[in-house]
Amino acid sequence: MYRYDEFDHQFVQERTAQFRDQANRRLSGALTEDEFRPLRLMNGLYLQLHAYMLRVAIPYGTLSSKQMRQLAYIADKWDRGYGHFTTRQNIQYNWIKLEDTADILAALAEVEMHAIQTSGNCIRNVTTDHWAGAAADEIADPRPVGELLRQWSSLHPEFSYLPRKFKIAVTGAPNDRAAVKVHDIGLRLHRNDAGAIGWEVMVGGGQGRTPMIAVTVRDFLPERELVAYIEAIMRVYNLYGRRDNKFKARIKILVHEIGAEKFKAEVEAEYARRPEQTTHVEEKELQRIAAYFAPPAFEKLSRFSPAFEEAKLLHPGFARWARNNLAAHRVDGYTIVNISLKPEGGIPGDATSDQMRLMAELAERYSHDELRVSHPQNIILPHVKKDDALAIWQALVPAELATANYGLAGDIIACPGMDYCSLATARSIPISQAISRKFADLDVQEKIGPVKINISGCINACGHHHVGHIGILGLDKKGEEFYQITLGGSSAENASIGSILGPGFAGHEVADAIEKILTTYVKLRQPGEEFLYAYRRLGPQPFKEALYAAA
Amino acid sequence: MSEVEKGQVMTANRLRDGEVVFLTRSGEWNEKIDEAVLALEPQATAALEARANEDVKATLVTGSYLFDAERVGGKIRALHMRERIRTLGPTVRLDLGKQAEGTGGAFAFKEA
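Residue numbers (the numbering used here), protein chains in the order written: chain A, 817 to 1367; chain B, 6 to 117.
Among the hints, a few may not be true.
[Claimed, not checked] When the alpha-carbon atoms are kept at most 30 angstroms apart in a straight line, the in silico DSSO-like pairs for lysine-lysine are as follows:
(1) K62/B with K1062/A
(2) K882/A with K893/A
(3) K913/A with K62/B
(4) K893/A with K11/B
(5) K115/B with K913/A
(6) K62/B with K1294/A
(7) K11/B with K103/B
(8) K1294/A with K115/B
(9) K11/B with K1100/A
[Said to hold, decoys possible] Coverage of chain B stretches by chain A, computed from C-beta distances (three or more under 8 angstroms per stretch; other residues unrestricted):
(10) 19-27
(11) 87-93
(12) 96-107
[To be verified] Partial chain B-side listing against chain A, Cβ under 8 angstroms, derived:
(13) N35
(14) P47
(15) S69
Simulated from the structure, these hints should not be mistaken for lab results.
Idealized CB from N, CA, C, for every residue including glycine.
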């Protein structure tokens, strides 16, 4: 199980004490807001529409039961009894008081948590595949590399004042669940023809107002060279990245403006200048970090679980949930449980403190004390015996956590939008709720099959609308909310940016529009053809006709 | 039929807890928009700005700005949805925020 080391422990304690002093100086007037803002942002504290918002880092989305219980405790004691799991595998609290924040950070530090690297123009906390260490298709657990990069980048003085924020995502599996191609740096583990493993290094992906797919700068980099190579990338960015215009400051703009080849040449030149022997990471250091992610003691089980198969026959509701919400585990007899935080008409990613405690309890009893937060805003129990799946489902049902819609139309990504966020230009959550209600019938969702509907309430794209198979972007048109629909986006290994289908819609029209799109798809698809592939084959025309022809 | 007056309201977040507040006629900050002063002319908005700037300096509030609003039947209503959400709370959680605490404005969101 992932744990902090003694260095982390000390600096988190120090940082909490520093923040307490900074907050007190702000409250006394010794610091102006302009002076204080960067300090609070370095500790994940934003000012939003209704109150302060605290974004807590959950490295690699990995949580112990104890940590999840502490998140629930914080929600009850200092917030309004709930939290919002985000598309960065973090949690946000929406109703925080500045005067309480240092106490909250201290409570987080008690369970080795903090809010560092969740904000500001630094290397943000690294995200990974939420099934890391569990997925059947995985080559190796990507989290040790994420942790290596975190230990290198945390509070790194050279990279604490970058032109803009910087996000790194890592996947150890060929099926990319970490959206690595739409991050500033994406790392993908793969095997070469000789069977050795190495990292594909991709740079310059991103969403926001200028969405881009990352370009590959190295196809096969040995793990020991990763830190040095990424340092070279960071140096080129730090030197050439634009600081004159916030909207052009991300590395994707630099890569785009000077061209991938020139960028690559600059990185290689920088990398070549480095004294190799002092910049490689030693094997024992890689092993030390990998030990933090040592797999739990799995039992030797049969692949086939009679209890599991029988339970599916006895309980149709369980059978449906098992079909949609369980995923293949790399160890026989085990399964990955995906808990949907998307009940019909619910708020994507929100969980009450009671729900958090229940999930913590289930993780403790059935999943080696481990939970994960996924970027599509669900919670995962990564290491569950198939024999225990029924008991988990039965515990989840009364808590409204057993919705069997994982990966289906109801499993919508949505940012907090204008209901909470001061940057938003429109609301996201009500749109998500309307779509979720429209497709409340799980038979209908299953008939439609896998589809990713992603909603952002502004161009910053926290709701990943550019890479939704169906993306919805909320904008402000003369003081009214309206919504643009894009089709054909993907954040997976086949990444693409969605294209705007046509004129936008008023909020109350969006769910109907989505229904028309999906009805058109079901009518035109070939057997077994998922929405994304049908769209790529058919192009936008039939969907345009369905949406706009009658008007 | 009651008269509709259009003007601007000065708002900010209270520094210590982030609570949304509005500047009142007496120059205090109040949580309820109905207590706010609606500035109908440039002189009045300038006075609100001057007062707000002082209170920002005095670390009472932060992030002050004016927004468009109207008075209908003696009650103040923000024109833009963003400001209506700030005066009431999230539209998706009617159990939270000012609307739930009795400090929301008169123009509450309807149940979905």
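Against the structure, the hints come out as follows:
The suggested pairing of K62/B with K1062/A holds, with an alpha-carbon distance near 27 angstroms, which does not exceed 30 angstroms. Our distance criterion of 30 angstroms between C-alpha atoms is met by K882/A and K893/A, whose separation comes to about 16 angstroms. Under the criterion of a C-alpha separation no larger than 30 angstroms, the hint pairing K913/A with K62/B is consistent with the structure, at around 20 angstroms. Between K893/A and K11/B the CA atoms are separated by roughly 41 angstroms; this puts the pair beyond 30 angstroms, and the hint is violated.
Under the criterion of a C-alpha separation no larger than 30 angstroms, the hint pairing K115/B with K913/A is consistent with the structure, at around 28 angstroms. A threshold of 30 angstroms between alpha carbons decides the hint, and for K62/B with K1294/A the separation of about 33 angstroms lies outside it, so the pair is violated. A distance of roughly 23 angstroms separates the Cα atoms of K11/B and K103/B; the hinted pair therefore holds under the 30 angstroms criterion. The straight-line distance between the Cα atoms of K1294/A and K115/B is roughly 23 angstroms, inside the 30 angstroms bound, and the hint therefore holds.
A C-alpha spacing of about 70 angstroms is found between K11/B and K1100/A, which places the hinted pair above 30 angstroms, so the restraint is violated. Three residues within the 8 angstroms Cβ limit are the bar, and the segment 19-27 of chain B against chain A gives 6, so the coverage statement holds. A stretch counts as covered by a chain when three or more of its residues have a beta carbon under 8 angstroms from one of that chain; for the segment 87-93 of chain B and chain A the count is 3, and the coverage holds. Taking a C-beta to C-beta cut-off of 8 angstroms, the segment 96-107 of chain B contributes 5 residues in contact with chain A, enough for the three needed, and the coverage statement holds.
With its C-beta approaching chain A no nearer than about 16 angstroms, N35/B sits outside the 8 angstroms limit, and its interface hint is violated. The restraint placing P47/B at the interface with chain A is violated, with a minimum CB-CB distance near 22 angstroms, outside the 8 angstroms limit. Of the supplied interface hints, the one on S69/B is violated, with its beta-carbon coming no nearer than about 10 angstroms to a beta-carbon of chain A, more than 8 angstroms.
Of the hints listed earlier, those the structure fails to meet are numbers 4, 6, 9, 13, 14, 15, in rising order.
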